[in-house]
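Enquirer: Please put together the full structure from these sequences, using the hints given.
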Amino acid sequence: MRGSGPRGAGRRRPPGGGGDAPSTPASLAGCSSAPRRAPLWTCLLLCAALRTLLASPSNEVNLLDSRTVMGDLGWIAFPKNGWEEIGEVDENYAPIHTYQVCKVMEQNQNNWLLTSWISNEGASRIFIELKFTLRDCNSLPGGLGTCKETFNMYYFESDEENGRNIKENQYIKIDTIAADESFTELDLGDRVMKLNTEVRDVGPLSKKGFYLAFQDVGACIALVSVRVYYKKCPSVVRHLAVFPDTITGADSSQLLEVSGSCVNHSVTDEPPKMHCSAEGEWLVPIGKCMCKAGYEEKNGTCQAPSPVTNVKKGKIAKNSISLSWQEPDRPNGIILEYEIKYFEKDQETSYTIIKSKETTITAEGLKPASVYVFQIRARTAAGYGVFSRRFEFETIPVFAASSDQSQIPIIAVSVTVGVILLAVVIGFLLSGRRCGYSKAKQDPEEEKMHFHNGHIKLPGVRTYIDPHTYEDPNQAVHEFAKEIEASCITIERVIGAGEFGEVCSGRLKLPGKRELPVAIKTLKVGYTEKQRRDFLGEASIMGQFDHPNIIHLEGVVTKSKPVMIVTEYMENGSLDTFLKKNDGQFTVIQLVGMLRGIAAGMKYLSDMGYVHRDLAARNILINSNLVCKVSDFGLSRVLEDDPEAAYTTRGGKIPIRWTAPEAIAFRKFTSASDVWSYGIVMWEVVSYGERPYWEMTNQDVIKAVEEGYRLPSPMDCPAALYQLMLDCWQKDRNSRPKFDEIVNMLDKLIRNPSSLKTLVNASSRVSTLLAEHGPLGSGAYRSVGEWLEAIKMGRYTEIFMENGYSSMDAVAQVTLE
Numbered sequence: 001m002r003g004s005g006p007r008g009a010g011r012r013r014p015p016g017g018g019g020d021a022p023s024t025p026a027s028l029a030g031c032s033s034a035p036r037r038a039p040l041w042t043c044l045l046l047c048a049a050l051r052t053l054l055a056s057p058s059n060e061v062n063l064l065d066s067r068t069v070m071g072d073l074g075w076i077a078f079p080k081n082g083w084e085e086i087g088e089v090d091e092n093y094a095p096i097h098t099y100q101v102c103k104v105m106e107q108n109q110n111n112w113l114l115t116s117w118i119s120n121e122g123a124s125r126i127f128i129e130l131k132f133t134l135r136d137c138n139s140l141p142g143g144l145g146t147c148k149e150t151f152n153m154y155y156f157e158s159d160e161e162n163g164r165n166i167k168e169n170q171y172i173k174i175d176t177i178a179a180d181e182s183f184t185e186l187d188l189g190d191r192v193m194k195l196n197t198e199v200r201d202v203g204p205l206s207k208k209g210f211y212l213a214f215q216d217v218g219a220c221i222a223l224v225s226v227r228v229y230y231k232k233c234p235s236v237v238r239h240l241a242v243f244p245d246t247i248t249g250a251d252s253s254q255l256l257e258v259s260g261s262c263v264n265h266s267v268t269d270e271p272p273k274m275h276c277s278a279e280g281e282w283l284v285p286i287g288k289c290m291c292k293a294g295y296e297e298k299n300g301t302c303q304a305p306s307p308v309t310n311v312k313k314g315k316i317a318k319n320s321i322s323l324s325w326q327e328p329d330r331p332n333g334i335i336l337e338y339e340i341k342y343f344e345k346d347q348e349t350s351y352t353i354i355k356s357k358e359t360t361i362t363a364e365g366l367k368p369a370s371v372y373v374f375q376i377r378a379r380t381a382a383g384y385g386v387f388s389r390r391f392e393f394e395t396i397p398v399f400a401a402s403s404d405q406s407q408i409p410i411i412a413v414s415v416t417v418g419v420i421l422l423a424v425v426i427g428f429l430l431s432g433r434r435c436g437y438s439k440a441k442q443d444p445e446e447e448k449m450h451f452h453n454g455h456i457k458l459p460g461v462r463t464y465i466d467p468h469t470y471e472d473p474n475q476a477v478h479e480f481a482k483e484i485e486a487s488c489i490t491i492e493r494v495i496g497a498g499e500f501g502e503v504c505s506g507r508l509k510l511p512g513k514r515e516l517p518v519a520i521k522t523l524k525v526g527y528t529e530k531q532r533r534d535f536l537g538e539a540s541i542m543g544q545f546d547h548p549n550i551i552h553l554e555g556v557v558t559k560s561k562p563v564m565i566v567t568e569y570m571e572n573g574s575l576d577t578f579l580k581k582n583d584g585q586f587t588v589i590q591l592v593g594m595l596r597g598i599a600a601g602m603k604y605l606s607d608m609g610y611v612h613r614d615l616a617a618r619n620i621l622i623n624s625n626l627v628c629k630v631s632d633f634g635l636s637r638v639l640e641d642d643p644e645a646a647y648t649t650r651g652g653k654i655p656i657r658w659t660a661p662e663a664i665a666f667r668k669f670t671s672a673s674d675v676w677s678y679g680i681v682m683w684e685v686v687s688y689g690e691r692p693y694w695e696m697t698n699q700d701v702i703k704a705v706e707e708g709y710r711l712p713s714p715m716d717c718p719a720a721l722y723q724l725m726l727d728c729w730q731k732d733r734n735s736r737p738k739f740d741e742i743v744n745m746l747d748k749l750i751r752n753p754s755s756l757k758t759l760v761n762a763s764s765r766v767s768t769l770l771a772e773h774g775p776l777g778s779g780a781y782r783s784v785g786e787w788l789e790a791i792k793m794g795r796y797t798e799i800f801m802e803n804g805y806s807s808m809d810a811v812a813q814v815t816l817e
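1 is the number of the first residue of the sequence shown in the UniProt record's numbering; add one for each residue after it.
Label pairs and their in silico Cβ distance ranges:
| id | residue 1 | residue 2 | range |
| --- | --- | --- | --- |
| 1 | 750 | 244 | 45 to 55 Å |
| 2 | 530 | 254 | 17 to 27 Å |
| 3 | 593 | 479 | 28 to 38 Å |
| 4 | 530 | 110 | 40 to 50 Å |
| 5 | 244 | 748 | 47 to 57 Å |
| 6 | 499 | 358 | 46 to 56 Å |
| 7 | 324 | 236 | 36 to 46 Å |
25 Å max Cα-Cα, derived PhoX-like pairs, lysine-lysine:
| id | residue 1 | residue 2 |
| --- | --- | --- |
| 8 | 524 | 232 |
| 9 | 603 | 748 |
| 10 | 173 | 80 |
| 11 | 509 | 482 |
| 12 | 357 | 292 |
| 13 | 524 | 509 |
No wet-lab data here; the hints were simulated from the structure. Cβ atoms here follow ideal geometry from the backbone N, Cα and C, with glycine treated the same way.
Expert: Printed below as a string of C-alpha cells:
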C-alpha cells in the first residue's frame, strides 16, 4: 500500500471569489458541485473506461455490474454533499453510473457511498472488481496537507434488505484501495487517462446477501464501475458424463468434488467425478461412463445405429412409390425394424410414418405428379438411430382421357364396379361397428401412422404430447418450437419480469416475411440447466397449440444467449390489469365476447386432453381488438387417455381462490377443475378485476367453499351469466358443464342480447353478500363498517350510518328501493 498518509497540496479558490490563493483547475471546481454534466477529467476518464471494459469470462457470474444497470442504481451517499453521481451516456446513449468525490481542501473527511443489497445467489466467496481514477496529490496547487491517495472498501452481511440503516462500526473492512496510476493536470492537457483496476475477494459468506460501502477520507477519486461476481465451474461433458454448473468453494485453495451423470445411453459402475477449483476450472477427473451395448461414442455422446445412406427407388406409379435400401454400415446391434417418414414436399408438418421389418416398402395413396420426401431410420434394442438424409421422388402424372367413344363402355363398367365396391366397404364398416370392432386391419410386417403438425392422427388418441416424457427435454423443444436466429429479433423495451428473467416487447423480422410485434421472455444470466429446461418447457407446450384463443408461439432462441421464448404481442397485457384500468367501460356483450374467447380456447385444450391448472384472469392476455387468449402454461399437465383420469401433483403451490375443492383436497386436476376456475374468471371479468373472495384468507376460502359458500353475483350481473358461474361451481365435478357446452351457451346469449337484460335481483344480492360472504353467519363482522371494508365498499360507511343502517340486522333488511 502507498499513499496512506497526508500528502502536500494547496488550497483552491472559492468559486467566483478572489484572494491570494492559487487558481484551481475547472476540473476540481466541478468536483464539489451539484450533480450535473461531468467535468472534463470525468468525461475523458469515461471515454478511456469504455475502451477497456470487457465482457466477463464464462466462469464468472455477475451479481452486480454498474455498467449494465439501465435505471437508477439506488446507491446512497452520506453526507449528501460527499460522493456525487455523475450522469453520462456512452456512444449508444446508454447511461453510465460514475461516482466521484474531491474534498481535498477540507479536513476530517468521512464520506460514505453505500450500494443497494446484493444477493450472493448461494456463493460463499465473492469478488469485487473496481475501476477508478485518482488524482496525484503532488499535482494539486499549494500543497494541501489533508489530501489522500487511497480510499477504503467495507461490507456488511444481511439476509434481506433492511433499509441500510447500519452503523459504520458494523461494517467489516475489506481493504484500503490505492491507485497504481494517478493522473495530473498535465495528463488532462494531454487527454491521457490512467484507469486503475483492483480486485478483492470476500469469504466465507454465511448469509443470503450483503452491502458494499466505499469510504473516502480526503482523496480526489472517480469510481467508474463496480462489478461484483462469483466464480463457477461451468457445466461440461467429460468422458460421457455431464457435470453441472458448480459454484466454487469459500476457500481460495479448496477443491470441490462433483459427481457427474452419464449421458443418454451410457452407464458406469461408479459415478465419475471431477474437482472444481477455486478459480472455476475443472481438475482431476476420476472414472468415466461407457456407451451401452449397441451404441457407439461420437462427439461426447452415444448414437444408436448409423443412418441409412443407400436408398433406391423401385416401381413408381401415379399413386405409389416403392423404395429399397441397405442395412446401415454400423448397425450397433440387430436391426429390429425400420421407420420410414414421408410427406409431400413443402408440407413437412403433415407426414406419415410406416414401420417395416424389411428393407423395402411401398408408399400408397399418394397424389399424381407430386414430389414426396422420404427419410429412413433403423431401430435396435438400444433405440432409434438418426433419420437418413432426405430422398425426393416424384409420382407420375395422370394422362389426359381419350376422346375415343369406345372408352365409354369401359368407363361405365368402372364406375359401376366402383359403386358396388363402395357399398360393400360401407356395409363392412357398419357391420364392424355393430360388432364393436373398429380397429383397422394391418399387415403384420408393416404399421402405418399419420401425423399432422407433430400429432398422431388416429381415432381416440390425444394429439397433445407431454414434453416431460422425453428423455432429453431439448428434443421436445426442437420438435415443437421453431429455432429463430437472434439477429431476427429486436428488443425495444422491458415490459415486466417473469419467473426466469425479464419480459420485453420487440420486433421479429424473418426472411421473406413481414415484421411482427412480439413479446420476448428472456432467461436470466447464470441459470442452471434445470432452470433452462423449465423455462423452455413452456415453449414445448405452447408450440403444440394452434388456436386463435391460445397465445401463439413464434419460436425460441436456444443457440445463443440470452435464451429466449418469442410469442405474439398482446397490446393490452393481462386481462385482470386491463379490466381494472377500464372499470365499467364495456358493454355486457363485449364482456360476454371476452368470456366466449376464453371458453373457446379452453375447449380446444380440453379436446386435446390437456388441463391448464392455473386458469385465472391474470393468465389471460388481451390484444387491441379485445381478443382474449389463454397463456401461462407453467403449471399445466397432460391428462391420461381416460377422460376421468387426473394428474396428481407432488406438492407445490396451488392458486386456492381459483381452484376446485377436489383439486385442493386431493391435488387432482381434470378439465372439470378447469371449468371451476373458468367460473371464477367469469366473476373476475364481470366485476372488472375484483379479487375473488376479497380479503378472506386462503384457509377461510377453503372452509367456506367446502361448507357450500359461493361468490355472490357481481354488481349489475346478468342472471344468465351468474347462473352459469354457479353451474361451474357445482361441488360434484360431473355436474359441471363441459367447455363445449359453455361455448354454446355463450353463443346463444350473444345471438340473443335481450337475454342479458335480466339482472340478478339487487335485494337478493345484498342478502347474499350479508348471509354468505365469509363466516358472517357466525358473527365474524362486528360492525357495518367492518363488513363494508371486507367487500371493498368502506367509502360508503358514513352514508349507511346517516340513513339509519347502523347494525348488521338493519342492513340485512335492505330492499331494492
